[in-house]
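K.L.:
Sequence:
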Amino acid sequence: SSIGTNNDPLLPEDYAKIVQEHFANEEWEEGKTLLEEGLGRYPKVSDLQWLMGKYWHHKKDYDQARYHLIKAIEDNYNNVNAKQLLVDVEENTQNYSSAICYVNELLEVNPYWRGLWRRKIDLYRKQGNDAFFMLEHFLGYFVHPTKLLSLFIFVHMLTFVSELIIVESDNKMQSADSR
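Numbering (this note's numbering) for the sequence shown: 350 to 528.
To be clear, the hints were calculated from the coordinates, so they are not data collected in a lab. Honestly, I wouldn't trust all of these hints.
[What the hints assert, rightly or not] Pairs of lysine-lysine, BS3-like flavour, derived with a Cα cap of 30 Å:
no.: 1; residue 1: Lys366; residue 2: Lys409
no.: 2; residue 1: Lys366; residue 2: Lys408
no.: 3; residue 1: Lys409; residue 2: Lys393
no.: 4; residue 1: Lys475; residue 2: Lys408
no.: 5; residue 1: Lys393; residue 2: Lys381
no.: 6; residue 1: Lys420; residue 2: Lys393
no.: 7; residue 1: Lys393; residue 2: Lys408
no.: 8; residue 1: Lys393; residue 2: Lys366
no.: 9; residue 1: Lys475; residue 2: Lys409
no.: 10; residue 1: Lys409; residue 2: Lys381
no.: 11; residue 1: Lys408; residue 2: Lys381
[As the list claims (entries may be wrong)] Ranges between beta-carbon positions, derived for each pair:
no.: 12; residue 1: Glu379; residue 2: Lys409; range: 17 to 23 Å
no.: 13; residue 1: Arg474; residue 2: Arg390; range: 42 to 48 Å
no.: 14; residue 1: Gln369; residue 2: Glu454; range: 19 to 25 Å
no.: 15; residue 1: Asn478; residue 2: Thr442; range: 34 to 40 Å
no.: 16; residue 1: Asp410; residue 2: Asn430; range: 17 to 23 Å
no.: 17; residue 1: Glu385; residue 2: Trp462; range: 29 to 35 Å
no.: 18; residue 1: Gln476; residue 2: Lys366; range: 34 to 40 Å
no.: 19; residue 1: Gln433; residue 2: Glu378; range: 22 to 28 Å
no.: 20; residue 1: Glu423; residue 2: Arg463; range: 25 to 31 Å
no.: 21; residue 1: Gln369; residue 2: Gly477; range: 35 to 41 Å
no.: 22; residue 1: Pro358; residue 2: Lys475; range: 43 to 49 Å
no.: 23; residue 1: Tyr416; residue 2: Arg467; range: 25 to 31 Å
no.: 24; residue 1: Pro392; residue 2: Ser446; range: 26 to 32 Å
no.: 25; residue 1: Glu375; residue 2: Pro460; range: 42 to 48 Å
Every value quoted in this text rests on a predicted model; they were computed, and no experiment measured them. Just so you know, even glycine gets a beta-carbon here, dropped at the ideal spot from N, CA and C.
Taking the hints into account, I'd like the entire structure generated from these sequences.
P.N.:
In structure tokens form, the structure reads like this:
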């Protein structure tokens, strides 16, 4: 044990605090060494898995980062730090659909997170989904409680219009077939 003794082992939160200090001081390898020790003792502690994911993200080993971040979420579904970093990992690897899924999970926790809505719009844009541009302009780049009702109406209006187009198209096809 690099810190503590067998009689006085570090608790998971101690490992997390010390590792975060190492990372904040750009002491990535020292932090990783201590983190490996902590994960050896506490492999199912979400924050330790998140920190290992953070280490690998910093090293740009996105497969390793993804592995540890998913472990962090398996151990604690509400680990916001792990989900935020997973959005970065998935965006960096151009897995935009996965990134959007994690953004949606974060928006479940905080639906008024303005920056996250912007990020979601940007991810849709990178994915090539032009339909989301309409929402971007409609939302004015932020969601406000009064605008949620407008968004709800807008989405249902689009659904209604698209259903009308389908019905009209079907009617034209039926009248052409009856001739």
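K.L.:
Against this structure, judge whether each hint is valid.
P.N.:
Tested hints:
no., hint, in the structure
1, Lys366 / Lys409, "holds (23 Å)"
2, Lys366 / Lys408, "holds (20 Å)"
3, Lys409 / Lys393, "holds (23 Å)"
4, Lys475 / Lys408, "holds (24 Å)"
5, Lys393 / Lys381, "holds (17 Å)"
6, Lys420 / Lys393, "holds (8 Å)"
7, Lys393 / Lys408, "holds (23 Å)"
8, Lys393 / Lys366, "holds (17 Å)"
9, Lys475 / Lys409, "holds (20 Å)"
10, Lys409 / Lys381, "holds (15 Å)"
11, Lys408 / Lys381, "holds (11 Å)"
12, Glu379 / Lys409: 17 to 23 Å, "holds (19 Å)"
13, Arg474 / Arg390: 42 to 48 Å, "holds (44 Å)"
14, Gln369 / Glu454: 19 to 25 Å, "holds (23 Å)"
15, Asn478 / Thr442: 34 to 40 Å, "violated (18 Å)"
16, Asp410 / Asn430: 17 to 23 Å, "holds (18 Å)"
17, Glu385 / Trp462: 29 to 35 Å, "holds (33 Å)"
18, Gln476 / Lys366: 34 to 40 Å, "holds (38 Å)"
19, Gln433 / Glu378: 22 to 28 Å, "holds (24 Å)"
20, Glu423 / Arg463: 25 to 31 Å, "holds (29 Å)"
21, Gln369 / Gly477: 35 to 41 Å, "holds (37 Å)"
22, Pro358 / Lys475: 43 to 49 Å, "holds (45 Å)"
23, Tyr416 / Arg467: 25 to 31 Å, "holds (28 Å)"
24, Pro392 / Ser446: 26 to 32 Å, "holds (29 Å)"
25, Glu375 / Pro460: 42 to 48 Å, "violated (35 Å)"
Hint check: violations occur at hints 15 and 25; the rest are consistent with the structure.
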